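Chemist: Going down the list, the sequences are from chains S and H. Going letter by letter, the first sequence gives residues 33 to 380 in the numbering used here. Going letter by letter, the second sequence gives residues 33 to 380 in the numbering used here.
Quick caveat, the hints were computed from the structure, so don't treat them as lab data. Values in this document were obtained by computation on a predicted structure and should not be read as measured data. Treat the hints with care, as some may be off.
Residues of chain S placed beyond 12 angstroms of chain H at every Cβ, according to the derived structure [said to hold, decoys possible]: (1) Thr-90; (2) Asp-111; (3) Ser-151; (4) Ala-191; (5) Phe-202; (6) Gln-224; (7) His-300; (8) Asp-312; (9) Glu-351; (10) Asn-373.
From chain S, some residues computed to sit far from chain H (all C-beta separations above 10 angstroms) [what the hints assert, rightly or not]: (11) Met-86; (12) Ala-93; (13) Asp-128; (14) His-185; (15) Gln-200; (16) Asn-207; (17) Glu-217; (18) Glu-361.
A partial selection of chain S residues facing chain H, derived with a Cβ cut-off under 10 angstroms [stated by the list, open to error]: (19) Met-153; (20) Ala-195; (21) Ile-220.
Positions of the beta carbon are idealized from the N, C-alpha and C atoms, including for glycine.
2 protein chains.
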Amino acid sequence: MKMRKCFCSSMIAGLVMMAVVLTGCGEAVSQQSTAPKIALAIHGGAGTILRNSMTPETEAAYRAKLEEALRTGYAVLQDGGTSLDAVVATINVMEDSPLFNAGKGAVFTSEGTAELDASIMDGRTRNAGALAGVQHIRNPINLALRVMENSKHVMMVGAGAEAFAQEQGFEMVPNDYFYTDRRREQLIRAQQEEAGEMGAVLTPALSPGADKFGTVGAVALDRDGNLAAGTSTGGMTNKRFGRVGDAPIIGAGTYADNATCAISATGHGEYFIRGVVAHDIAAMMAYGNRTLKEAADTVIMKKLGELGGTGGVIALDREGNIAMPFNTEGMYRGSINTDGNLVVEIYK
Amino acid sequence: MKMRKCFCSSMIAGLVMMAVVLTGCGEAVSQQSTAPKIALAIHGGAGTILRNSMTPETEAAYRAKLEEALRTGYAVLQDGGTSLDAVVATINVMEDSPLFNAGKGAVFTSEGTAELDASIMDGRTRNAGALAGVQHIRNPINLALRVMENSKHVMMVGAGAEAFAQEQGFEMVPNDYFYTDRRREQLIRAQQEEAGEMGAVLTPALSPGADKFGTVGAVALDRDGNLAAGTSTGGMTNKRFGRVGDAPIIGAGTYADNATCAISATGHGEYFIRGVVAHDIAAMMAYGNRTLKEAADTVIMKKLGELGGTGGVIALDREGNIAMPFNTEGMYRGSINTDGNLVVEIYK
């Protein structure tokens, strides 16, 4: 059924493309210049990701999943889907993978539970949806979209958000759906570190990078020229229950405005909230006449560090320019630019 | 005991002032030019506040309480207290008064409960504390300050925030501490309106203004030149439980940075989140070289309206300039400027 839908959409897209190519008294028009620009960028968390602590197998697994997420979202854009739909489809791939700290494989709170946050924003209308502290929603980004589309509110938290989800027909999954042994070990290590057991600090990481924080996100530009951004996370390992990071905060972890850019952030969320990082990049473009790259670099490589924060962003403007600055050792990231070139990277 | 502390502080302040006046080989120096600038502005909610729906007694009660809040916070600043302390003291007066939608007298959720949100930000460090969805904290702004000072997090919600409060020695009050008959009637009216009972719409308001939303907030400048901002609210009448508005969102309802300004917002929170209103004013000053008044007016009187939002802000910069734009019929507001002049206003 899903295949058939894709097939139909592709056929329609093909017919549209033929119409474009045959326009103007039958003369062939350069497809490159008339084809609408589409683009997509993603991240899967930033942190102390070192090449020498990564096995070839693990690195290959991350690269493959990032590429799968990119190709999934890009197919939506190619089929004429909206940037919002592309963001959701892309993030779902990473939420469903235990490799990333979002959905399945989310980090544990200090209570040994999973508490998930997510947000999404539509650059066309600047409408937005966000939720924090949910424990039973398999794909939090889908609920963020639903909050945006089907409620009069922008942000909902905890049991109230889940009551809304149930009304909207969302399946409730048990909290242990999200649990993985790797994240349980990270919690134990973090709690040992906090208790001052220095031996624990010296234990080699059982898995590379983004131990404490790390988040997934996507930004997309669709054929109508509309931007969208989304972010989904389990937050920080060993966070107090009830803690909310930047991922569900519009302006901090997520922001989209067709007039400037779409941003999704990952890193030590408290600093991203205090710096209003995502909106700061947009504002520097709007009021300071900076390019996407200049603004994103200044905010992440200079201002965030001055505040004491670590992490990175993915940024996309309406021309399809992409920037992915981070001030950590690595950031799982990838993009498909307006020429269709796919790139997946992990280290600096 | 409190009187004695004030007396001592005043004495110290007096001695400092004498030292200033007698500096420079005993020549008298203009007190105006050497005295540190202090200033304070507050709001108590924006909305459909019409002169002809307000009895003289009610108007007098609002004016008296706004003045009491201003004088309380100003005394802190005069005694050499920090802008953070002044913001908290000012907001406590309004939280404790049933006139305002914060603390005692908060509006009801659709479930008939009170759920409170608050945030505070230090312009010197850009540190911040915020909480949402608490039901048992008498003065939410005090807990926001404690989150900022005594936790590694910026934002905490619901039961997790209350568990932190208990650890910190906060008294837990029963939820019905917040209830007032006036807010119960507003809930009934809002639910009748939502159900399409048009008669309800025509019922004269039982109390003037800020029926649906309304929030309290304060911004302060202390003698060390540090800005701070804080906001506290019960949210929107008939909000779904779990809904979070702009008041606890750093960048939306509250923002402070010594480099630009301190802002506290009130109004239809969803639009303030989407517009990242508080930070947008600061960013327009930082990157667009606009004055406080130009930036605040542009964001509230132009951009917020274009998005469809209603409400206002109080804004204060490091020179002590004050702006209080709003695009509603009225906003409970007041200020004491750097010359010590006190103003309290309600209507346009």
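Chemist: Now tell me if each hint is right for this structure.
Modeler: Hint by hint, here is what the structure shows:
Every C-beta of chain H lies more than 12 angstroms from that of S:Thr-90, the closest at about 29 angstroms, which supports listing it as non-interface. Interface exclusion of S:Asp-111 from chain H stands, the closest Cβ pair being 28 angstroms apart, more than 12 angstroms. With a closest Cβ-Cβ approach of about 10 angstroms to chain H, S:Ser-151 is found to fall inside the 12 angstroms limit, against its non-interface label. At roughly 6 angstroms from the closest C-beta of chain H, the C-beta of S:Ala-191 falls inside 12 angstroms, breaking its exclusion from the interface.
Remark: the non-interface label on S:Phe-202 is consistent with the geometry, its nearest Cβ contact in chain H lying 14 angstroms away (cut-off 12 angstroms). Listed as outside the interface, S:Gln-224 is consistent with that label: its C-beta sits roughly 17 angstroms from the nearest C-beta of chain H, beyond the 12 angstroms cut-off. The non-interface label for S:His-300 is inconsistent with chain H: the shortest C-beta to C-beta separation is roughly 10 angstroms, within 12 angstroms. With a closest Cβ-Cβ approach of about 7 angstroms to chain H, S:Asp-312 is found to fall inside the 12 angstroms limit, against its non-interface label.
With a cut of 12 angstroms on Cβ distances, S:Glu-351 stays outside the contact zone with chain H, its closest approach being about 20 angstroms. S:Asn-373, annotated as away from the interface, keeps every beta carbon of chain H farther than 12 angstroms; the closest lies near 32 angstroms. For S:Met-86, the shortest C-beta to C-beta distance to chain H comes to about 28 angstroms, beyond the 10 angstroms cut-off, and the non-interface label holds. Interface exclusion of S:Ala-93 from chain H stands, the closest Cβ pair being 32 angstroms apart, more than 10 angstroms.
With a closest Cβ-Cβ approach of about 25 angstroms to chain H, S:Asp-128 is found to remain outside the 10 angstroms limit, as its non-interface label requires. Not every CB of chain H lies more than 10 angstroms from the CB of S:His-185, the least distance being 5 angstroms, so the non-interface label is violated. No beta-carbon of chain H comes within 10 angstroms of the beta-carbon of S:Gln-200; the shortest separation is about 12 angstroms. With a closest Cβ-Cβ approach of about 15 angstroms to chain H, S:Asn-207 is found to remain outside the 10 angstroms limit, as its non-interface label requires.
For S:Glu-217, the condition that its CB be more than 10 angstroms from all CB atoms of chain H holds, with the nearest at approximately 22 angstroms. Against chain H, the non-interface label of S:Glu-361 holds: every CB pair exceeds 10 angstroms, the least being about 22 angstroms. Taking 10 angstroms as the C-beta contact cut-off toward chain H, the hint placing S:Met-153 at the interface holds, the least distance being around 8 angstroms. Satisfaction of the interface hint for S:Ala-195 is found here, the shortest Cβ-Cβ separation to chain H being roughly 7 angstroms, below the 10 angstroms cut-off.
A cut of 10 angstroms between beta carbons decides the hint on S:Ile-220: the least distance to chain H is about 19 angstroms, and the hint is violated.
Consistency note: the structure conflicts with the earlier hints numbered 3, 4, 7, 8, 14, 21.
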